[in-house]
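Novice: So the chains spell out like this:
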Amino acid sequence: MAIVFEKTKGLTDKETHYCPGCTHGIIHRLVAEVLEELDVLGNAIGVAPVGCSVLAYDYFNVDMHEASHGRAPAVATGIKRAMPNNVVFTYQGDGDLASIGTAEIVHVAHRGEKITTIFVNNAIYGMTGGQMAPTTLIGQKATTCQDGRSKAHSGMPLRVSEMLATIDGAAFVERVSVHNPVEIRKAKKAIKKAFECQIKGEGFSIVEVLSTCPTNWGIAPTESLKWLEANMIPYYPLGNFRTPEEA
Amino acid sequence: MAKVLMKGNEAIGAAAIQAGCKYFFGYPITPQNELPEYMSKELPKNDGVFVQAESEVAAINMVYGAAGCGVRVMTSSSSPGIALKQEGITYIAGAELPCVIVNIVRGGPGLGGIQPAQSDYFQSTRGGGNGDYKLLVLAPANLQEMVDMVQEAFDMADYYRNPVMVVGDGMIGQMMEPIEFRTPVKRELPSKEGWATTGTKGNRKPHIINSLFLDPQGLEDHNIRLQKKYKTMKENEARYEAYNMENAEIVLAAYGTTSRICKNAIDKLKEEGINIGLIRPQTLWPFPEKAFQEIPETVKAALTVEMSEGQMIDDVRLALNGKIPTEFYGRSGGMIPTPDAIIDKIKEMLGGLK
Chain E
-3 MAIVFEKTKG LTDKETHYCP GCTHGIIHRL VAEVLEELDV LGNAIGVAPV GCSVLAYDYF
57 NVDMHEASHG RAPAVATGIK RAMPNNVVFT YQGDGDLASI GTAEIVHVAH RGEKITTIFV
117 NNAIYGMTGG QMAPTTLIGQ KATTCQDGRS KAHSGMPLRV SEMLATIDGA AFVERVSVHN
177 PVEIRKAKKA IKKAFECQIK GEGFSIVEVL STCPTNWGIA PTESLKWLEA NMIPYYPLGN
237 FRTPEEA
Chain U
19 MAKVLMKGNE AIGAAAIQAG CKYFFGYPIT PQNELPEYMS KELPKNDGVF VQAESEVAAI
79 NMVYGAAGCG VRVMTSSSSP GIALKQEGIT YIAGAELPCV IVNIVRGGPG LGGIQPAQSD
139 YFQSTRGGGN GDYKLLVLAP ANLQEMVDMV QEAFDMADYY RNPVMVVGDG MIGQMMEPIE
199 FRTPVKRELP SKEGWATTGT KGNRKPHIIN SLFLDPQGLE DHNIRLQKKY KTMKENEARY
259 EAYNMENAEI VLAAYGTTSR ICKNAIDKLK EEGINIGLIR PQTLWPFPEK AFQEIPETVK
319 AALTVEMSEG QMIDDVRLAL NGKIPTEFYG RSGGMIPTPD AIIDKIKEML GGLK
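Line by line, the protein sequences are chains E and U. Start counting the first sequence at -3; every next residue gets the next number (the numbering used here). Start counting the second sequence at 19; every next residue gets the next number (the numbering used here).
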């Protein structure tokens, strides 16, 4: 019998702890497949964040560090400077990257650090139980803004990709989504380009992936995918903000 | 090797490079700036890398990343900067990574001042970070001892897979003294191959650098293992210098720059026929408890002298365990105790003792 599909070698056999309908699993698989296709699994060192993907070190089949909250880009800097020939990446959520870790993400881009960041934006704090994130949309309910986020109180949601695209050292910046198969394929292409950018030594690369959180949004998984498309994409437009040719 | 005259902060950098340190991540803060400046100039000439981080927080996390790859790495700062590094330090201790951290102490609390102080004794020995962890804390009193200790610190860190902190007050960082680079006593250092993240090369299981243990039993087991390691450090690494202890009536306890001032006071009093001893901890953790437990019968009281409002005195009291009265004399905020002020305090105590 011919084998038509195999799980990527980039993931371990460990069962993930993610909630039903959460898109972290898809994003993990895309990153792992890209690392395998680029033949860098034996050469990769990843950094897991604090947040829902805190246990990512158990799922990626590569050497891993677990960083403190928001500091993954600094940890990755230490790794890359010590091991310049390895492929180094961080995998971070929006609380980790866009809130507590803003200094680290801005400066890893500013230094043009040759690492790749996978930024999973689901517009909420998942692990801690659905608190407001800097990325939470106006009117979106969270446990720390129970009537919905207001601009007057909390400001407008932070657009990380647009912000980082203003920094010269950010060689590759793209926002993608994983709410349907077409977008998943595009997301994988962007992730691959980001890692290729690192391997070619062109500078810092980041892919922002719009993701769902059915549990904390309080919406069923299939509805969550529709909610993402209808609400997140208008505010967080998909597309490339920076490529090495422009940089 | 011939002696060279160097400024303290630069001598630390030179000693680190001698010891094979290849990576330095730092952030500017007075009074330790000559050290990162020196490293930025000298490390690239020695196949190393210097990165000026965006903050102390980022710098210590860069150290965490590099240390996890098994390389010799260092950072330095001064008191408020070390406060910012505490989160990273507890992660490094929890993940059992070797590195060297230098604190050129200035006065506090808060932004404090920029003059020499010893008010970070608690911060160094109790840890400002969370959890049951310990650092090896070395406290040199002169530049020769500083360069010897910095070199040995890298071996100690590798030997125990533990962060080592070298504490010098601003005086030690800023002054110049002749020094000689010597090779530290050789230790059998364990291989890092079994844990360092260098890429699996497809022929081993992934290595994970981590301090997260969600299973309570797993975390307690980890803590018990750490405590065993700390016990070994306590048994093997406590160091001190005893000065003029024979027939001493009072024993002084002081470390770093303050110990040198105490020696001046002791020598002056000796000319007057008054015998005072000194125990100078060279390691703040582990604290040399034995030195205090074995003081001669002639000693009737202890006096702890610090450039703080009284921190090491807690450990002196714990070590003496009520055996003799223990008093304190200190200056803080960057003020330096004078030999005469120490002599006055000793004479006041002797009056009370007689």
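Just so you know, the hints here were simulated from the structure itself, not pulled from any lab data. Where hints are given, some of them may not hold.
Cβ-to-Cβ under 7 Å is the rule here; a few derived chain E residues that face chain U [unchecked claim]:
#1 7
#2 10
#3 13
#4 64
#5 123
#6 125
#7 161
As a list, the in silico SDA-like pairs of lysine to any residue whose alpha-carbon atoms are at most 20 Å apart [stated by the list, open to error]:
#8 U/210 x E/38
#9 E/10 x U/308
#10 E/10 x U/258
#11 E/10 x U/40
#12 E/5 x E/35
#13 U/308 x U/258
#14 U/223 x E/38
#15 E/3 x U/231
#16 U/219 x E/147
#17 U/223 x E/233
#18 E/5 x U/224
#19 E/5 x U/222
#20 U/219 x E/127
#21 U/219 x E/54
#22 U/223 x E/82
#23 E/10 x U/228
#24 U/40 x E/50
Derived, one-sided and incomplete: chain E residues facing chain U with beta-carbon distance under 7 Å [to be verified]:
#25 41
#26 67
#27 71
#28 77
#29 79
#30 82
#31 103
#32 108
#33 227
#34 231
Keep in mind the model is a prediction, meaning the values are calculated, not measured. Beta carbons: idealized from backbone N, C-alpha and C, even for Gly.
Novice: Can you list which hints this structure breaks, lowest number first?
Specialist: 1, 2, 3, 5, 6, 7, 9, 10, 11, 15, 16, 17, 20, 24, 32, 33 and 34
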